[in-house]
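Enquirer: What follows is each chain in one-letter form.
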Amino acid sequence: MSPTEPEELRKLGDRLDAAEERVKPRNRQAPQSSAGIAFRFSTELVSALVVGGAFGWGIDWAADRWSPIHTRPVGLILFFVLGAAAGILNVVRAAREINAEMARNGAERGD
Amino acid sequence: MAINPMEQFAVTPLTSHPVLTIAGHAIYFTNQALWMFIVVGVITLFMAVAVSKRSIVPTRMQSMAEISYEFVANMIGGAAGEDGLLFFPFIFTLFLFVLFSNFLGLLPGSFTVTSQIAVTLALALFVILIVIVTGFIKHGIGFLKLFVPKAPIPLLVLLVPIEFISFLTRPISLSVRLFANMLAGHTLLKVFASFVIGLGSAGLLLKPLAVAPFFLIVAITALELLVAGLQAYVFAILTCIYLNEALHLHDHH
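Same order as they appear, the protein sequences are chains A and B.
Going by my numbering, the letters in the first sequence line up with residues 565 to 675, in that order.
Going by my numbering, the letters in the second sequence line up with residues 99 to 351, in that order.
In isolation and in its complexed conformation, chain B is listed as follows:
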C-alpha cells in the first residue's frame, strides 16, 4: 500500500457547485474552510462554557480561560508596553486561532489550517497592515522615520534600502515560520506512520521492527504538541514586537 505523506495537505472542494463567483473565479467551500469554521467554533464554545459560571473559585475550564487571558495580557504588556493593551482583542484572537488550529490539526484525520501558506500569509499580511495603519495614525508621516536609523548621512543611502527590505521581510518570515513548522512536523508524522504499516506488512523477520517507528511517532507527537504551542506563542509575540515598534518608533534601542 502506497502512502503519500503530502496527501493530508490537499485542499479539496466539499461542494459540487461553486458557493459564489468573484470576477470569474469560482469559489468552492473546501475542507480548509470547514476546518477554519471548526476552529472558530471550538474556540467560541470553549470560551462560552468557560465563562458561563463566572465563579470566584474557578472551575477547570474557567481557569484555563483565565490563564490564557493573563498569559496574553502579560505578553503584550512585556513586549509592547501598556498602550499595546489596546490591541489585546486582536492579539488574543490571533493567538487562540493559531493555537487551536495547530492543536486540532494534530487530531488523526483532521486538516491543519496553519499548514497552508495562503492562510499564514494572509494572517501575517493582516498583522503588518495593522502595524502600518497604527504607525501612521500614531506618528503621521513621521512613521517613515522607522526606516531611518541614527547614522551619518552618507551611510543612509545604503541603510534606508536595507531597513526597507528588512521591513518587507516581516510578513514573509512570520508566515513561512509557522507554515514550515506545521508542514514539516505533520509530514514527519505521516512518514513514520507509513514505516509502521510498511514494516508490519513485511516478512515475518521484519514485523517486530515495526515497534520502533511506532514509539518514535509517540515521541514526535509529544514534540509536535510543544511545537504547536510554541509557534502560536512566537506568532503572537512577534506581532507584539512589531506593534511596539509602530507605537514607540526607536524608543526600544
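So that you can see chain A by itself, here it is in the shape it has in the complex:
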C-alpha cells in the first residue's frame, strides 16, 4: 500500500497544478475587458470636451449678463480647446492606471 500512496498524491498534485494553470489566465483578464477599457477611454475624452465647452459657455453667459465686456464666442472656443487637452490628459492617466493595475494583477505571468 505504501508505494501507491505517494504516487496517488503526486498525481493529485499534478492535477491541482493543471487546474491552477487553467484558472490563471482567466484571473488576470477578469478586472478589465478590452471593451471596458475602450469605453473608459471614450467617456473620459468626451466628458472632458462636454465639461470644457459647458464651462466656457457658462463664462460667456455670465459675462453677457453681469459684466460690460461681452466675451461671447471666445470663452466657448478657448475652454473647448482646453477641454480637449484635459480629455487627452484624462485618457493618458486612465491608461497609466490600467497599466499599473495590469502589472499588479499579472506580476507572476510569463509573457
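Derived by calculation from the structure, the hints in this document are not laboratory data.
Be a bit skeptical, because a hint or two may be false.
[As the list claims (entries may be wrong)] DEER-style ranges, computed between Cβ atoms:
no., chain 1, residue 1, chain 2, residue 2, range
1, B, F313, A, A626, 53 to 63 Å
2, A, A659, B, L132, 15 to 25 Å
3, B, A249, A, E661, 35 to 45 Å
4, A, E661, B, F169, 12 to 22 Å
Beta carbons are placed, not taken as given, at the ideal position from N, Cα and C, and that holds for glycine.
On the provided structure of chain A, position chain B as indicated by the hints.
Expert: Below, chain B without anything else, positioned relative to chain A:
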C-alpha cells in the same frame, strides 16, 4: 404588437398624491424609489442572514459576505493605501448598492436604478464631494496644489485650467459610464426580445428563425451579468483612486 425598448426606463409615480412638497415641487413615490428601497432591503437581508451564525467554518452565505468584504478591503488597500481604509464603510456600501442595483435590474420585470442618470450623477457628485472635503481636511488650502503640476511657471497658465477641467470631468465620466452601460445593455436585451416575439408571430417560414435571437438573449444576459459586476467594480475602484489623490496629493507619480 409594438414593443418599446425604452419603456422599461420610464419613471412613474406609484402614489396618486404627492408624498411631500418641497418649494412648490410635488414629490411622488416612484417605481425608482421603490426599487432603491428593495435594493437596500435585499443588501441588508443578505448581510444580516450572512453574519447571523458567525461560525468558524463559514456557510455559503457567510463566505459570500466575507469574500465581498475582503475584496473591497484589498481594493482600497491597493488603490488608496492603508489610510484609505478609513473610508471602507462608505466604499463598501457604494459598491454593494451599485452591484445589487445592477444585478436586481437584470431580473425580468424589474427596474434598474443605475440606468437613471439622476441616480448615478447623485452618487458620483457625492463621491467627489467627499474627495474635496477629505482633501481640504487633510491638506488645508494646500489641497489646491492638486491643480498645479510640476512644470515651468509660464506653462502653468495653460496647465492649471486643464487640470481644473480634468477634475470637473470626474463626476461626469464616473456617472455617464455606469448609466450608459446599464442603459445600452438593457435596451439591447429588450430589442432582441422583441425580435423573438416579432419573428414568432410572423409567417410559418419565418417562425423557426425566432430561435436565433432567443439564443442571443441568453448570451447577452450572461454578458450583462459580467458588465453588472465589472461596472460596480470600476465605480468603486475609481472612487478609491480619487480618494488616494485627495489623501496623498502628488505622491502617486
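Enquirer: Hints broken by the structure, by number, lowest first?
Expert: 2, 3
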